[in-house]
Amino acid sequence: MSTVVILAAGAVATAMLASLYRVLRGPTVWDRLSGLALIGTKTVVLLLAFGTVTGTIDAFVDITLAYTLIAYIGAIALAKYFELKEGHEA
Amino acid sequence: MISAALGTALLAGGFFFVAAGAIGVLRLPDFYTRLHAVGKNDTLGVALMLLGFILIEGLTRNSAKMLLLVLFISLANPVATHALGRAAWRTGLKPWKRNGS
Chain A
1 MSTVVILAAG AVATAMLASL YRVLRGPTVW DRLSGLALIG TKTVVLLLAF GTVTGTIDAF
61 VDITLAYTLI AYIGAIALAK YFELKEGHEA
Chain B
1 MISAALGTAL LAGGFFFVAA GAIGVLRLPD FYTRLHAVGK NDTLGVALML LGFILIEGLT
61 RNSAKMLLLV LFISLANPVA THALGRAAWR TGLKPWKRNG S
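Chains as they are written, first to last, in the numbering used here: chain A, 1 to 90; chain B, 1 to 101.
Excised from the complex, chain A in its bound form:
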């Protein structure tokens, strides 16, 4: 069972690399922000996979709940900041 979970975690980590490319290379600031939001969502799966494999799911579920809230508020706040800011190029 844990082999399947490790495989899923590796696949999600590979997909996170694609988002990281968009964060580093994105032509506009919005591309970078959407890549950050993608990485934040996929980190949830990665944390839960780590907890399932190592048998410490009790702690990691709570960490994941807090992380999801912080990533959501961060994405909203950054979108609002760059919307109100002048000269948002690059």
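By construction, these hints were calculated from the structure, which means they are not laboratory data. Note that the structure is a prediction, hence the values are computed from the model and not measured. Heads up, the beta-carbon is just placed ideally off N, CA and C, and yes, glycines get one too. Just so you know, not all the hints are guaranteed correct.
Unchecked claim - Taking CB as the label site, the calculated pair distances span: (1) A:Gly-55 - B:Ser-74: 24 to 30 Å; (2) A:Ala-66 - B:Ile-23: 28 to 34 Å; (3) B:Leu-59 - A:Thr-56: 40 to 46 Å; (4) A:Leu-24 - B:Leu-71: 28 to 34 Å; (5) B:Leu-59 - A:Gly-74: 31 to 37 Å; (6) A:Ser-2 - B:Ile-23: 25 to 31 Å.
With chain A's structure known, arrange chain B on it following the hints.
Relative to the frame of chain A, chain B by itself:
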């Protein structure tokens, strides 16, 4: 045993959507089309993968917390995507057209 097999199937299905979203993020031409790939594929893919983890875990308090996590992600991820798209539109980012301009 059945729930473990179902959980594996859900993990595979979730990975299909996550991989489609990753390919879309790499290949599509501008921000709005990439946001289209991100918003739907990533929400559904991560929700399916979390449901797979719930089935593997079984009926415990942790799986109830994971179910709350699925609900919150499927509410919050479209909202964040919409906020990003609206902010980009209000600052004057033009959508991509096929024949340039």
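Status of each hint after checking the structure:
One distance hint, 24 to 30 Å for the beta-carbon pair Gly-55 of chain A and Ser-74 of chain B, holds here, with the actual separation near 28 Å. Between Ala-66 of chain A and Ile-23 of chain B the beta carbon distance is about 31 Å. The supplied range of 28 to 34 Å therefore holds. Take Leu-59 of chain B and Thr-56 of chain A: their Cβ atoms lie about 19 Å apart, and the range 40 to 46 Å is violated. One distance hint, 28 to 34 Å for the beta-carbon pair Leu-24 of chain A and Leu-71 of chain B, holds here, with the actual separation near 32 Å.
Remark: the range hint 31 to 37 Å for Leu-59 of chain B to Gly-74 of chain A is upheld by a beta-carbon distance near 33 Å. At roughly 28 Å, the beta carbons of Ser-2 of chain A and Ile-23 of chain B sit within the given window of 25 to 31 Å.
The earlier numbered hint that this structure contradicts is number 3, and it is the only one.
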